[in-house]
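**Student:** Mapping of the sequence shown onto our numbering: position 308 corresponds to residue 308, and the numbering continues sequentially without gaps.
Keep in mind the hints are simulated off the structure, nothing from the lab. Everything numeric in this text was worked out from a predicted model, so none of it was measured. Ideal placement from N, C-alpha and C gives every residue a C-beta, glycine not left out. All the given hints hold, so there is nothing to weed out.
Lysine to any residue pairs mimicking SDA-like chemistry, simulated, CA-CA at most 20 Å apart:
#1 119 <-> 107
#2 231 <-> 251
#3 25 <-> 213
#4 25 <-> 205
#5 390 <-> 371
#6 441 <-> 327
#7 284 <-> 456
#8 457 <-> 559
#9 679 <-> 623
#10 406 <-> 380
#11 231 <-> 591
#12 108 <-> 119
#13 453 <-> 308
#14 325 <-> 416
#15 392 <-> 371
#16 390 <-> 368
#17 651 <-> 455
#18 118 <-> 179
#19 420 <-> 329
#20 441 <-> 416
#21 118 <-> 547
Distance ranges between label pairs, derived from CB positions:
#22 290 <-> 467: 21 to 27 Å
#23 465 <-> 499: 30 to 36 Å
#24 514 <-> 344: 40 to 46 Å
#25 400 <-> 439: 17 to 23 Å
#26 108 <-> 174: 23 to 29 Å
#27 38 <-> 110: 54 to 60 Å
#28 486 <-> 105: 56 to 62 Å
#29 11 <-> 467: 38 to 44 Å
#30 358 <-> 514: 43 to 49 Å
#31 479 <-> 320: 15 to 21 Å
#32 439 <-> 344: 21 to 27 Å
#33 478 <-> 664: 44 to 50 Å
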Amino acid sequence: MRTSFLNPTIFKNACQDSLLKFNPKRLLSNPVILVTEVIGFLSLLSCAYSYAKGMPIGFEVAITAIIFLTVFFANFSESIAEGRGKAQADSLRKTKHLTQARLVEDGKEKTINALDLKKGDVVVCEAGDIIPGDGDVLEGIATVDESAITGESAPVIRESGGDRSAVTGGTRVISDRILVQITVDAGSSFLDQMIQLVEGAKRKKTPNEVALSILLNGISLILLVAVLTLKSFTDFVGESTHQNLSSVITVPVLSALLICLLPTTISALLSAIGISGMDRLIQKNIIALSGRAVEAAGDIDILLMDKTGTITFGNRQASEFFPQKNTTVEYLAEVAQLSSLSDETAEGRSIKVLAKEKYNLRAQNYDPKTLEFIPFSAHSRMSGVNVHAKEKTTVIRKGAEDAVAKHLTSFGVVLPEDVKATCQRIAKLGGTPLVVCEDEKALGVIYLKDIVKGGIKERFAELRKMGIRTIMVTGDNPLTAAAIAAEAGVDDFIAQATPENKMNRIKEEQKKGLLVAMTGDGTNDAPALAQADVGVAMNTGTQAAREAGNMVDLDSNPTKLIEIVETGKQILMTRGALTTFSLANDIAKYFAIIPSIFDQLYPQKGESGILKSLDLMHLHSPQSAILSSLIFNAFIILLLVPLALHGVPYKAIRMQALLRKNLLIYGLGGVLSPFVGIKLIDLLFSLFLR
Numbered sequence: 001m002r003t004s005f006l007n008p009t010i011f012k013n014a015c016q017d018s019l020l021k022f023n024p025k026r027l028l029s030n031p032v033i034l035v036t037e038v039i040g041f042l043s044l045l046s047c048a049y050s051y052a053k054g055m056p057i058g059f060e061v062a063i064t065a066i067i068f069l070t071v072f073f074a075n076f077s078e079s080i081a082e083g084r085g086k087a088q089a090d091s092l093r094k095t096k097h098l099t100q101a102r103l104v105e106d107g108k109e110k111t112i113n114a115l116d117l118k119k120g121d122v123v124v125c126e127a128g129d130i131i132p133g134d135g136d137v138l139e140g141i142a143t144v145d146e147s148a149i150t151g152e153s154a155p156v157i158r159e160s161g162g163d164r165s166a167v168t169g170g171t172r173v174i175s176d177r178i179l180v181q182i183t184v185d186a187g188s189s190f191l192d193q194m195i196q197l198v199e200g201a202k203r204k205k206t207p208n209e210v211a212l213s214i215l216l217n218g219i220s221l222i223l224l225v226a227v228l229t230l231k232s233f234t235d236f237v238g239e240s241t242h243q244n245l246s247s248v249i250t251v252p253v254l255s256a257l258l259i260c261l262l263p264t265t266i267s268a269l270l271s272a273i274g275i276s277g278m279d280r281l282i283q284k285n286i287i288a289l290s291g292r293a294v295e296a297a298g299d300i301d302i303l304l305m306d307k308t309g310t311i312t313f314g315n316r317q318a319s320e321f322f323p324q325k326n327t328t329v330e331y332l333a334e335v336a337q338l339s340s341l342s343d344e345t346a347e348g349r350s351i352k353v354l355a356k357e358k359y360n361l362r363a364q365n366y367d368p369k370t371l372e373f374i375p376f377s378a379h380s381r382m383s384g385v386n387v388h389a390k391e392k393t394t395v396i397r398k399g400a401e402d403a404v405a406k407h408l409t410s411f412g413v414v415l416p417e418d419v420k421a422t423c424q425r426i427a428k429l430g431g432t433p434l435v436v437c438e439d440e441k442a443l444g445v446i447y448l449k450d451i452v453k454g455g456i457k458e459r460f461a462e463l464r465k466m467g468i469r470t471i472m473v474t475g476d477n478p479l480t481a482a483a484i485a486a487e488a489g490v491d492d493f494i495a496q497a498t499p500e501n502k503m504n505r506i507k508e509e510q511k512k513g514l515l516v517a518m519t520g521d522g523t524n525d526a527p528a529l530a531q532a533d534v535g536v537a538m539n540t541g542t543q544a545a546r547e548a549g550n551m552v553d554l555d556s557n558p559t560k561l562i563e564i565v566e567t568g569k570q571i572l573m574t575r576g577a578l579t580t581f582s583l584a585n586d587i588a589k590y591f592a593i594i595p596s597i598f599d600q601l602y603p604q605k606g607e608s609g610i611l612k613s614l615d616l617m618h619l620h621s622p623q624s625a626i627l628s629s630l631i632f633n634a635f636i637i638l639l640l641v642p643l644a645l646h647g648v649p650y651k652a653i654r655m656q657a658l659l660r661k662n663l664l665i666y667g668l669g670g671v672l673s674p675f676v677g678i679k680l681i682d683l684l685f686s687l688f689l690r
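Just need the whole structure built from these sequences, with the hints factored in.
**Tutor:** Next up, the structure:
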């Protein structure tokens, strides 16, 4: 559940943590804010010196207080981002500490704390038990409630062998009994990783963050040198113009000037943007095991996606009835529906639904006592019904083309050529034909189609706008794969895919300098997941797949890959937008504060200095200009925290259009906002100073 930063508990904890972060050791990872704090202490020492000399210190104290308030707001932005996940982490940690494990050793069972389990231990779990750790089912089958991890209330099946053997610590067994072998060491479980991630405790800076931090630190160093030279410059001007400018440049004034020009805004919000990006993935039930993977998701060039369950629903559904000549489509639909009354497969249900919705047919004219249902079997590859009338039994069957053809030979007839032609046409379209016959007569063909998900084509079109290519991976033959790829609107496909095919294709794309993402859930997907820049493993998949990927989707929904890319893009967009705003903001503050401070330099005919002509805002006084700029500089951080947490609204547009938008909205906004904000604060000061 998403938590608001206005939540009283989160707000209180964030304020407390912000004060603890005044410890310089905790600010080492953010040099710009560390410099701000150091400047604050230098200004504080200057206040103490002025007080000892009996000089007025009200102005200096105000500057010092606002500098420390700037540091507090910078700490607060990070703390509030971290705090949104701590409530969830506390709940998960409580579950972890209270869980008991039924350890099996030498055929005997004993109860121990889940924290004492080691990799390789075997535990037994029955209905009502909480699974004590990550592992694989060795024996048995059970339904498991994974809502504590995934948020999904519907239980899932977990069984030994296959791709549904992995279980997660903290989930609850609802029915039956399973033996689970623990596959991770203590402290490395999925629950442990989730706790660390939601708290942001071990989040490392991503490469882009590191690069941006280096840039900001370089800018800060240049500004620091420039500001430090102002004292010498002012003294030189004073001597050459015979002015006493000793009161113009003081330690507090230099401190205020430097703080206003430093990129404090983006430096304060940079960590919050990264943490909140991870939080947004967690809200979507996706655990990123690497911050680098989240960042890579925003730069992805290629998406590899399985056809089944991602692009298509995975269950073939009846799409159309093709009757043989001399048979009406309504009669074919009626007989097909009758043959499917006891068929509870997805295909059987879809046949009944199609006959009902398209032809308004309902099998209500038949006495259930006269119907003998023939279930599907792997041997016959057919299903159907025998209708027992008073004088005759009507045999109705539906099934694969060759199975029905063999069935008709028992009546001494062959499958008609037009039915064979229809079956071939359906196969070329990528569908599956089911032939329906009544006694010795073939009535026609049901077209079973692997239905492409609604809206998926539009989503692929959005990705294409961003320059991302989509590749469908399927085990189908090339003809079927091509038909579905064309309908879904993907850019390319890999037919009859093997683990080697997938991994080789990823390597080929990476050799071109492209970033590749893919999803998978089976052991055979593990090599490709490990090779991909963003490998999203399904939580229901095997342990090998989960260990190979750098993200895990708790809902096991392969379409989440698109949402992951969108979230990664949103993080990059938010960081870029706020960086643009911050730098533009700092440039604007330069023009707001410098002319007002140095308006006495080089006076002309007894009037104000030549820089007065650049004072576009006409602020009340140099002191008012400094305090107004400082206050604006501090509170703009607080005002931008919601945007950093929620992210810039995402839209699939090309990079050129995105750059223009950022420059127009956040660049121009960053330039104008200081003029408006500082002027309003200055007007308030002027009211009190009258």
